[in-house]
Amino acid sequence: MMRKLLLAICCFRVFIGHTQNTIGLPEIINYPKQIYNAGTQNWKLAQDKKGIVYAANDEGLLSFDGSFWKKYTLPGGTGVRSLAVGNDGRIYIGSQGEIGYFEPGKNGRLQYRSLNDLIPENEKDFTDIWDVVPVGNEVFFRSYRKIFQLQNDKITVFGNPAWSFLGLHQNKLISKAWQKGLLQFKNGTWVPFSKANYFPEKAEITAIVPLQGDSSLLLTKHHGSYILHGEDIIPFETPDMRLINEKNPYSAAVINQNQIAIITNLAGCFIINDKGELVQRLSKLDGLQSNNILSVFVDGKKNIWLGLDNGIDFIAYNNAIKHIYPDYQEHSSGKAAVIFKNDLYIGTSNGVYAASLAEQKDMGFIKSKFELIPGPKGQVWNLSELNGQLVMGHNDGFFVIENKTSRKIDSSSGFWTFLPLSNVTPSPIVMAGTYNGLNFYSFTNGKFNNPEVHTHFESARFVAVDNDIAWAAHPYKGLYKIILNTGAAKPPYTVYKDTKGILSSNNNHIFKIKSRVVLTNDKGIFEYNARTDDFEPSAFLQRILPKVPIRYLREDNNGNIWFVHDRHLGVADLSEKQPQIIYFPELNNKITGNGLEFVYPYDSSNVFIAAEEGFYLINYNQYKQFREDIPIQISDVRIVNKRDSTIFGGYFNNEEAPKIQYAWNSIHFDYSSPLYGKQSSIEFSYYLEDFDNGWSVWTKKNEKDYTYLSPGTYTFKVKARTHEGRESVVVSYKFTILAPWYRSRWAYFFYTLLSILFIYAIYKWQMKKFILQQQRHDQERQRMAYLHQLEIEKHQEEQKQLTYLHQLELERNEKEIIRLQNEKLQSEIQVKNNELASTTFNLVQKGEMLMKVKEEFVRMKKSSEIDKETDDYKKILRMLGDDKMKRNWEQFAVHFDKVHSNFLVSLKSTYPYLTASDLKLCAYLRLNLTSKEIAQIMNITIKGVELGRHRLRKKLGIQPEVNLVNFLLNFHTETN
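To get the numbering used here, take the position in the sequence shown, counting from 1, and add 121.
Treat the hints as calculated values from the structure; they're not laboratory data. A hint or two may mislead.
Claimed, not checked - With a straight-line cut-off of 30 angstroms between C-alpha atoms, the simulated DSS-like cross-links for lysine-lysine are: (1) K598 with K568; (2) K170 with K633; (3) K267 with K368; (4) K396 with K323; (5) K227 with K267; (6) K633 with K618; (7) K498 with K529; (8) K621 with K668; (9) K405 with K482.
In this text, all values refer to a predicted model and were calculated from it rather than measured experimentally.
Using the sequences provided together with the hints, build the complete structure.
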C-alpha cells in the first residue's frame, strides 16, 4: 500500500514537472460543506435564467444566488445524483429510484413534484439516475439499466443491460449501450450513431462537449479521447491530452470557442484549447479543496463551477484579476516586480524569483515556472532596471542581478530605491535611498562603483529628484532637501521648515508625478514650486484624485495615475476627455500597506500589484471593458421571530400580494446579485414605498428588517450596483399588512351598532333625568318661596340686633378714644421725664467737673505761693464749694428713678447695704457707660472703677459667669 502511494506521488510530481502552469491564477473561492450546510459530494451543477446556481448534493438540491445557500430535500430524504434546467424553467433531478422536478410553488418557494407516478408499474424498479438531458420539449433520464423519456406528461422506458452514458452531440442525443456501441435517439428509437469506425467496446464515456463546426470532443475514463465529426469517430491524441487521460477525466465543459475545462478524479481541473494544448491547470496546490472533481459547469459569465468530492469551488476564470504566487505554497508577501530582458522578476519577503516570458498579451496565461535567484534571503525592497542592468534593493544591501544570480555592490545598509541623476543613459551618477539616507554611486565601464559619497539624515524610502534638488520624505520625521551637483563629498541637506503647516504627524510621502515633485499626507496633496522654493496645494491633482489621504502614487506609460489609500487601490484614468476614477474593490485590504505599497504598470494589459500574499496581475483593458448586466433578485422574505415563516422564497409566479396578519408585522428581506465574480464590488440600495422617505444609501449589506409596520399595502424595492456606478434594474415585492381584528370591517360594524345603542340609552336616560329635574325644580321653587319669607323675618330681626350692637360699638369707641388720649399724655410725660433726667445727668457731670477744679485749686493753695488772701481767689473757692453740686446728684437720682421706674429705690430696698457710691455705680452701669467714662464722672481712676465693680459683684452675690450689666438690666425687668 505504501509503495503504491509513493508511486502515485512520484507520478504526480513528474506530471507537474512536465506541465508547467500559468504565471497567473484566477481567484478560487471555496465553499466547504460547513458553508452550504449539506452533504460533501456534489454530482452535477446547473444554472437557471436568473443566474442561480444549483448543485446535485448527497442531501438534496442546493441553490446559491451569490449570497445565500438553500437546501431542498426530497420526500424520501435521498440525495440528488443529477440535474438539469429544462427549457420550461423546471429543475429536473434524478435520485435513487426517483425522478422529478422542482418548480416555484406557493409563496414563491421551490416545490418538488415526483414523476414516478408516470412510470409504468413494471418499470419502477431502477437505481440511481446519473444523467438528465433536456432535448427540446423532452427530458431524458438515465439510470444504469433504463432510460426514461418524458414527453407531454408521459414517460417511455428504454431498457438495456448497461446504459453507460447519455449526452448531446450537435443537438443529437447520444448514448452507449452494452454490446451495441454508440447509439443516437432518432424518431423515437435508438439507432447506431457511427459507421463501422473502431470504438472500444469497453470504453466508458465520461463527456461529450461541442467544438467549433459540427465536431465534438468525446472523453473516456481509460481509453483516451476522440473527436466526433459528423458520424466519424477520430482519436484525439496530443502530448497534453495523453497526460490528462491518465488522470481519469470525469467530465468536461466548454468555456469559450477555444477553451474547454476537463475535470479529473486524480489531478484537478485542466483548461485546454481546441488543439488539445494545455492552457492552465488548477489543482489543490493552486487553491482547490480537492483534486477529486465530480462535476464541472461554466456559467453565463464564463466562470467555472466545480462540484467536488468534498465541497464546491468557484473559479473566477473570466475575471481580469489573477493571482501570482512566485514561491507557490509559501505565499510570502510581494514587495517589488520588474520585467527585464523578457524575464519577470518578483521580489518577496523571502527573496527574489524569476520566470521566463513568452509572447502573450495577458502575461497571466503564460506557462512558466518561477525559480529562486541565488543570493541573499529575506526582504526585497526594490527591483529596477538601471543603466541597462537589473539592480536589487535588499535588506542586506545593494545587489546587481545578472545571469540568474546576484552580485553585491554595497552592504553598508538596507536599500529602498534607486534613481539616476541624468536623463541620458547610462547615468554616470546614480542615487540610492537607504536606511540611513542617500548614497551616491558612479557608473563606469558598465559597473557600479562605491566612492562612499553619502548624505545621512534618516531612512529615505520615498525620494524624488527635481533638477539639482532631491527631496526625501520620512513618514513621521518630516521632509529633507538635498542639494545635488555641488561636488562635495557629502551633499548638504536641510530639514524642511514647515511654516505653512502642510506636514502631518505621520504618512508624509514624496513622489514624482507628471514631472512634478508631489507631497502627499493626511492634509492633502501638495506640489513643489521652484519659484517660491516651497510646497503648495496641487490644484491639478486635487481635481482628478479623490479627497482621501493618499499613501502611494505611480504614473503609468499612458499618463494614468495609480494610487493607494487605506489599502484600497484605484486609478485616475486620463484616457478620456474627463478624468475617471476606477477602483478595484476585489483587492480591498489584500494589498500591502504601511508604506510598502507597490504598483508596477508594465502596460495596460499587465499591471502588477504587491499583495499580502504574492502579487495580483490586472488586465486593465479587460477590467475597464466590463459592461455586463447586473442581476438582482429578492432571495427571501420572512416574518421576524417566527419559525418556518418564509412568505416568499425568491421565485415569482404571478401570485397575488400576500396578506400578513397584523400580529406578524415585522418583515425581513434577503436580496442578492448572482454576479459571482464581482461579489466584493456589489452594493445595494432599498426602498419601502409608503414607509421610507427615499432610497437608502448604498451598502454591502444584503438584508433589511422592517419592524412593527402599520396596516396597509407596501412595495419593497431593491437595486444593485458595481464599483463603476452602473445600476441594475429595480425588483420589487408587494405585500399587505392586515389590520388587527379590532380594526376590521366587522369590528367597525359592531362599533357602529354599539354606538347607536349607546346613544339611544343616553337619550332615554336624559329624558328620565329631565322629568326628575322638572319635579325637583317645582319642589325647589316652593321651598325657596318659604325660605324667602323666613329670610325677610330673619332680616328684620337682624336689623334690630344690628341697631343695638351699633349703639354698643359707639360707647366702646368713646371709651377707647379716652384711653388712647390718656396713653398719649402719659407718653408725653414720660418723654419729658426722660429729657429732664438726661439734662440732670449732664448737670451732675458738670458739677463733678467743677468739684474737681475746686479740689485742684485747694491743692494749689497748699503747695504754691499764690496769694491766697486775695478776694478773687476766695470768690472762686466759694463758687466751687457750692452745695449745688451735691444737690445736682440728688436731683439726678430722683429723675433717674422716674425714667427707669424707681430702679435705684428698688435696688436699695433689695440690697440695703449698698452705699451711695454703689448706687451711683449701678446707675452708670445701667446706662451702659464704659469704665473710662464712669472714672471721669466719679473722679476716680479706671482701676478704682474696676475695684468698685468687683466689690459690687460681691455685695450683689453675682456668680463669675454672670455679666454685671445684664444682671442689672434683668433685675429691673424682673422687679417690674
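Comparing the hints with the structure gives:
no., hint, verdict
1, K598 with K568, "violated, 34 angstroms"
2, K170 with K633, "violated, 50 angstroms"
3, K267 with K368, "holds, 29 angstroms"
4, K396 with K323, "holds, 26 angstroms"
5, K227 with K267, "violated, 33 angstroms"
6, K633 with K618, "holds, 21 angstroms"
7, K498 with K529, "holds, 13 angstroms"
8, K621 with K668, "holds, 20 angstroms"
9, K405 with K482, "holds, 27 angstroms"
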